[in-house]
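Each protein sequence line maps, in turn, to chains F and P. Counting from 1, position 519 in the first sequence corresponds to residue 501 in my numbering; the numbering is continuous, with no gaps. Counting from 1, position 176 in the second sequence corresponds to residue 178 in my numbering; the numbering is continuous, with no gaps.
It should be emphasised that the hints constitute simulated quantities derived from the structure, not laboratory data. Hints may be right or wrong, so weigh each one.
Ranges of calculated distance between the beta carbons of each label pair, as one might list FRET restraints [claimed, not checked]: (1) P/Q47 with F/L457: 54 to 64 Å; (2) F/V27 with P/G159: 37 to 47 Å; (3) F/S88 with P/M305: 46 to 56 Å.
Computed list of chain F residues with no C-beta within reach of chain P, every gap over 10 Å [claimed, not checked]: (4) L(-5); (5) F145; (6) A175; (7) L416; (8) K427; (9) D475; (10) I555; (11) G587; (12) P591; (13) V623.
Glycine included, every Cβ here is placed at the ideal spot set by N, Cα and C.
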Amino acid sequence: MITAALVCVAVLLALAPVAIALAAQMRGSAIIYSASLLACLALLVIALFALLDPAHPILSTTLPVGLPWLGAHFRIDALAAFFLAIVNFGGAAASLFALGYGRHESAPGRVLPFYPAYLAAMNLVVLADDAFTFLVAWEFMSLTSWALVVSHHRESENIRAGFVYLLMASFGTLALLLAFGMLAGSGGHYDFATIRAAHPAAVLSTTVLLLALIGAGSKAGLVPLHAWLPLAHPAAPSHVSGLMSGVMTKVAIYGFVRIVFDLLGPPEWWWSMVVLAIAAPSATLGVLYALMQRDIKRVLAYSTIENIGIIFVGLGLALAFKAQAMDWIAALAFTAALFHVLNHATFKSLLFFGAGCVLNATGERDMEKLGGLIHRMPQTAFAVLIGCVAISALPPFNGFVSEWLTFQAILLSPELPSWGLKLIIPAVGGLLALAAALAAACFVKLFGIVFLGRARNAVASTAREADGFSRATLLGLAALCLVAGIFPGLFIDALAPVAKAMVGNSMPHQAGLQWLTIVPIAKSRSSYNGLLLFAFVLLSGSIAALAIHRLASDRFRRAPFWDCGLPDASPAIQYTASGFSQPIRRVFGTTIFAAREIGEMPPPGSPAPARLVVDMHDLIWDALYAPIAKATGFVTERINVLQFLTIRRYLTLVFVTLIVLLVVLTI
Amino acid sequence: MSMIRDLMSQGGDMLLVLTLAPLLTGFVRKIKARLLRRQGPPLLQPYRDLLRLMRKDVVLAENASWLFRAIPYIIFASTWVAASLVPTFGTGLLFSWSADLIVITALLGSARFFLALGGLDVGTAFGGIGSSREVMIASLAEPAMLIMVFAVAMIAGSTQLSTIAEFMGSSAVGLPVSLGLALVALIIVAIAENGRIPVDNPGTHLELTMVHEAMVLEYSGRHLALIDLSSQLKLVLYISMIASIFMPWGTAAPQAAVHSLALGAAAYVVKLAVCGVALAVFETAIAKMRVFRIPQFLGAALMLALLATLLRFVSGSL
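Sequences are here, hints too, so could you generate the full structure?
Written out as structure tokens, the structure reads:
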């Protein structure tokens, strides 16, 4: 089976040169995307077989490529199978979407060759079973996605996004390189099996943890290493944005789990403190940033940071409980994190694809120029609405279940003996609750401003519904949001082997429970039944509608809107995206963004308009990135002198360097 | 047999909250009016309003979408389901295991999500102002509520509201400090969530301070009736929640005999009346806040709830 998986990956890789040849043709994109779709579906089937096979066989193979004494090791265990399924589920959805969306691509020659290569790279990261293959695949993934980010390189913003992304990706890979170097030791045992068997010393493993957190965290978008993410994800074409946000961040999470839970041996208790202290603020800050944006794709990119934060909170809790050998609670937290991985891949892909449909129909990403699209694009609007409800963690959809499970794990944390954790976890819970509530506000804004109300410009009022492939993808993903929300037990059971392998225990079997309820620990403690809840809401809503229409009145007439007796036909009277989040900006923004509102009134008698200027800063950028950029600029300018020397001086320089080196050697 | 009785108990609970909700609102209005030395509308006025609204035609804005018409039903259904999952006269609710306190909070969150969308649908200035302020208030009230739930759940060892209510009724609970803090937090959240003074004024119209009323400005006829009924249900829900957690006296146990169910029902009506009077007195005694004072008010709830949770983490007895 692993051979079949590798063949599929090879097919994806082979599609890249084919795409170069086909890019100029009319049917080129259809061929490439349908071939990618088939390869992803095949890989998805393989992954699901590996994950759901009750025997859980671990498949591995070694190919004679790469380092001569090492070869390239590949392996599918439960963890790899789960993430393989996520990658190819996202890949298949993106390919299906792109069958319709890709037709509108203005420069297919710059997207098509990299797209299958990017999919192949993500698959290889998950399949790799030695450090060398892992890092090569990781870097390949970074480079192919970079090429996709700068595919529309005529826009200056995209060039900057690509530059920042390339820097941060290289930095992240460097951190991972060092981490694996430390794990491999001086003997250079790069295959994961040897690394797993050797238990590194405490200092070493702590350094590896931090490096893994930096390397994988920067790719996943944890604050403060997130700076590239909201620039790069929106810059790519929308189906690639969906892949980057929905899938590549998950590959990064895979890297973290693989290193910390699998390779590093038993955790120290305070590792979880580090993870939680980064994860929980990431969740809250990510969504606060998202609320301040008016570019629809940038809102989604920042919201990815929030969801990655939620996933890492789950992983941090799992680490804490694993360190105390409370493996049944660790299994709960770990399952919650993995379930959120699946959920986020589903709804974030859906939302990015929806944003792509809007972009195609209107050519506009600025929310303040859209509006009223529910009338023009009803099916897209419906699917995006489901995605918005799901990502806001509202029942009965899937986002709620994983957050509910995370909350249940938090509620069990008083059993942890260490005081540091006892003090930090209530704050983590608070930040998570805040993030959930702010996410709802953020997605009311996104849906309300873009799809509801009245069109704010001409393109929005003449937009056309998306094509069949796009709509099918959107509605399929929306259906999955509901299915995962009302049958969570099935998904939790499927995750059991992964939890078993990583934290040594799994959540109780859920499938046999009455009416598909999920019971994480004990029935007296907590239980949730999405199916019943959904049925109740549906039933009571229908009864109310039926009763009122039958017994009271079912007539309606249309009239101009009322607006408290002050109707104004101009769409400019509507709330804008910035106006909508102004109260939240006033509550949170003054400290977090140093936001100030400056009202500029013209002098009395002057007919000039008054202006309101909002001044906001990204404090993390100012505090962390700007000084580094400034220092780098300063140093390079000083060194720049060396570029314009005469040959004599160059020779002197070489001579002096040689002397210095010899002196150093002798000492 | 016991299944039938449980079903009847659950069904009775659903009908009870639905029929009591307008009465409670009428009762609070009456008390408020009497406190101001006014006669006030009759107790049954809310029922009459609802019936009249339901019989009227709906006047829809020309550009209202299908979502605008579906939203009242979504709001009503989720609020009603949430309200029927809160124990009223007895803790033996048949379906209480399908949703715990976190789920009930989130169900109300769903209702609010759609209500805020309803405010934005027609694209008016007032709808926008209402939605924008509502999500600001919710972004503070919801976390406060959730953290309060954490504290209570840690005291009772369960997030299941029926189990919590039973535990609070037993003598094992004692008098922990965190419970007191949680109560204050819950009351503040309840005031904010129900749009009562000092956060919002349920009786106001045509004011730039209004929140809830601004969102529903474009609704009419049966749609408005459903939204009104939902907010009345929400008031009952919060009072029942406060009663079942913090005033567990008299509540019938599961599988209780008929007379103790009757006793539970009587106790429940008394609790509703007491909380209604307290709400009316509080609302009469206090002035409405400016919109940007509300975050401080809710921030207090957030901090109290967090403190209660922290105390539970630090010590099992506080």
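To see whether the hints hold, each was checked on the structure:
1. A beta carbon spacing of about 46 Å between P/Q47 and F/L457 contradicts the range 54 to 64 Å that was offered as a hint.
2. Checking the proposed 37 to 47 Å range against F/V27 and P/G159 shows it holds: the Cβ atoms sit about 44 Å from each other.
3. The hint said 46 to 56 Å for the Cβ distance between F/S88 and P/M305, and at roughly 53 Å that hint holds.
4. Interface exclusion of F/L(-5) from chain P stands, the closest Cβ pair being 44 Å apart, more than 10 Å.
5. The claim that F/F145 is not at the interface with chain P holds, since no C-beta of that chain comes within 10 Å of its own (minimum 35 Å).
6. Distance check on F/A175: its Cβ is at least 40 Å (rounded) from any Cβ of chain P, clearing the 10 Å threshold; non-interface status holds.
7. Non-interface status of F/L416 relative to chain P is broken: a Cβ of that chain comes within 10 Å, the nearest being about 4 Å off.
8. For F/K427, the condition that its CB be more than 10 Å from all CB atoms of chain P is violated, with the nearest at approximately 7 Å.
9. F/D475, annotated as away from the interface, keeps every beta carbon of chain P farther than 10 Å; the closest lies near 19 Å.
10. F/I555, annotated as away from the interface, has a beta carbon of chain P within 10 Å; the closest lies near 5 Å.
11. The non-interface label for F/G587 is consistent with chain P: the shortest C-beta to C-beta separation is roughly 28 Å, beyond 10 Å.
12. For F/P591, the condition that its CB be more than 10 Å from all CB atoms of chain P holds, with the nearest at approximately 19 Å.
13. The claim that F/V623 is not at the interface with chain P holds, since no C-beta of that chain comes within 10 Å of its own (minimum 54 Å).
In terms of the numbered hints stated before, the structure departs from hints 1, 7, 8, 10, listed from lowest to highest.
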